[in-house]
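Protein chains: 2
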Amino acid sequence: MGGDHGIAVTIPACVSFLRSESGAYLLLVGRQADIEPALSAALGGGDSLRQRLEIVDAPEVVEMDEAPASALRGKRRSSMRLAIEAVRDARADACLSAGNTGALMAISRFVLKMLPDIERPAIAFQLPNRSGGTTTMLDLGANVDCEPGHLFQFGLMGSALVTALEHRESPPTVALLNIGEELIKGNDTVKQAGALLRESSLNYIGYAEGDDIYAGNCDVIVCDGFVGNVALKTSEGLAQMMGAFIREEFSRNWISKLMALAAAPVLRRFKRRVDPDRYNGAALVGLRGVVFKSHGSASLAAFEAALRRAYDAADNRLLDRIRASLDQVRANSNDPAGSSSVVLSS
Amino acid sequence: MGGDHGIAVTIPACVSFLRSESGAYLLLVGRQADIEPALSAALGGGDSLRQRLEIVDAPEVVEMDEAPASALRGKRRSSMRLAIEAVRDARADACLSAGNTGALMAISRFVLKMLPDIERPAIAFQLPNRSGGTTTMLDLGANVDCEPGHLFQFGLMGSALVTALEHRESPPTVALLNIGEELIKGNDTVKQAGALLRESSLNYIGYAEGDDIYAGNCDVIVCDGFVGNVALKTSEGLAQMMGAFIREEFSRNWISKLMALAAAPVLRRFKRRVDPDRYNGAALVGLRGVVFKSHGSASLAAFEAALRRAYDAADNRLLDRIRASLDQVRANSNDPAGSSSVVLSS
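Residue numbers (our numbering), protein chains in the order written: chain A, 1 to 346; chain B, 1 to 346.
Some hints here could point you the wrong way.
Here are the simulated lysine-lysine pairs, DSSO-like style, with alpha carbons at most 27 Å apart [what the hints assert, rightly or not]:
no.: 1; chain 1: A; residue 1: Lys257; chain 2: B; residue 2: Lys271
no.: 2; chain 1: B; residue 1: Lys271; chain 2: A; residue 2: Lys271
no.: 3; chain 1: B; residue 1: Lys257; chain 2: A; residue 2: Lys257
no.: 4; chain 1: A; residue 1: Lys271; chain 2: B; residue 2: Lys257
no.: 5; chain 1: B; residue 1: Lys191; chain 2: A; residue 2: Lys191
Hints listed in this document are in silico derivations from the structure and should not be mistaken for laboratory results.
Put together the whole structure using the sequences plus the hints.
Structural data, given as structure tokens:
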């Protein structure tokens, strides 16, 4: 029900996803009276897909600008709440929403609870990089003030997420976001988090700077939610500005318009490489269940990409991987020589 | 002497700047034995320019990777130190360096001292935006942990800087960098800084998010140095990646190469609009003197742009403007109804 376009986008995206992913089964949680006609229109004649989806009627909807506390306490029959409860009750392997991020976080935390020893959920997102792969960044806004132990836990969960989403053989490289060496090197929180990561069994490679997000030299970049959110939004703003400038230059006069026509295939390929639709779908990690968040303004293709990401995470046992990483840290901390106990009990 | 290219770039840039700015007079501070031949080569036959420049011999050079404390205590005859002393002694109206940022900050602070009631210097930088103007952002790395009063002071200095550099009639708009409304709205420091800015005589317009840096809807964006540095470096990384992708797509095969040739004028105009060279030159504000920092890897054109920025700031009495703003805040705080006293005494 959520997002800027609601079921006008989500339902056709679900149908398209089911067509391409023959092993998937979807619960569509929302107002049945609204979903039914949209679904019939999207399915067309292909009724066989109906066997792989089910509508779960939810009378209430969390508004995009609603306070998380109000959504949590006041709307116990919202589509968001029922979808997350389906994950809790093992009726679903993952939940995806394009709705209110704060409410999704609050309800997920309340309904699913946190994994043992994880204190805070984080929002993790995959961004394209120069090497043609992706860089996974977390946290992107769930936690404004972080302690070193939280940043360490983000590294651990980010590493497990990349392993699950990208079918890695070798352990993903993890870096900690910091500022230039010329300047005062980071704050105390970052320094202490660096020490925890260095001591851990993660494939920690040290500090990264902002430009490393797109350089393709590390798989996971860890930062607090304020910094991560600013980095992500700054990127969105710059990409939009550059896109607008390219369009303006190519439509300046009839010669440049002709050039735009001629160069269209090249420009299309370029656009596809940085297309935000392909990267839609942020993971809410740290919970006892798989929850993904789609951008509110997601297009059909973007929402489908987020569905695929949530499906892949569940299919590749994201939770088991995070649990295994936690067990490993716990085992090390029981070792008298280990010094990681502080990390999971901070 | 500083930067990645040293006098191979700085000297020709100085000569080019002098040619275009007939009112300028330059002190070239560095190793005279190195500067003399480079200068002769750059000047060619145009000896009349020589009357508007002077070499100040400095036997020592601060290395790019040297610790600020070592540069400050150990090198009292460095080019950086002597250049800043020339500002202190009113032999120069502004200082520009492409050298070690941390050392430039430390030596400037020690030699020039802070303006009254300003506790910390900040690094301010102008970025291009969609409306064709620039957005001035500070701090970009001088201060990792900021209190609300510091962020307020950055707003004040940023506002004065934009007034000086852009010859504004109306007071520049000032915004405070924060994260999305859906999420937990910023930390306590940001909230308290917002309250101080709201009460002040600045043209404060509220919170901005990362994408507003490039949207062109505010003149000054204030943030702590960690966040600002990450936003700037993230932008550099994304712009480099997009540039690399465009080049790759246009050189993929002979058809796309032909397209690149044909579209070259359009692509050149686009490139010029986002060319980092044009925006080179960060101001170190809060000091009792005008100090600018060029990017270490600056090209000739970029270093010349930074020279022009430093010249404009001095020419438009940047320091007087910051002092006047401080006086105004102080006057308000003497007013019994005023509540800004906390800001300048925090």
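We went through each hint and held it up to the structure:
no., hint, verdict
1, A/Lys257 x B/Lys271, "holds (17 Å)"
2, B/Lys271 x A/Lys271, "holds (17 Å)"
3, B/Lys257 x A/Lys257, "holds (18 Å)"
4, A/Lys271 x B/Lys257, "holds (17 Å)"
5, B/Lys191 x A/Lys191, "holds (26 Å)"
Going down the numbered hints, you'll see the structure goes against none, and every one checks out.
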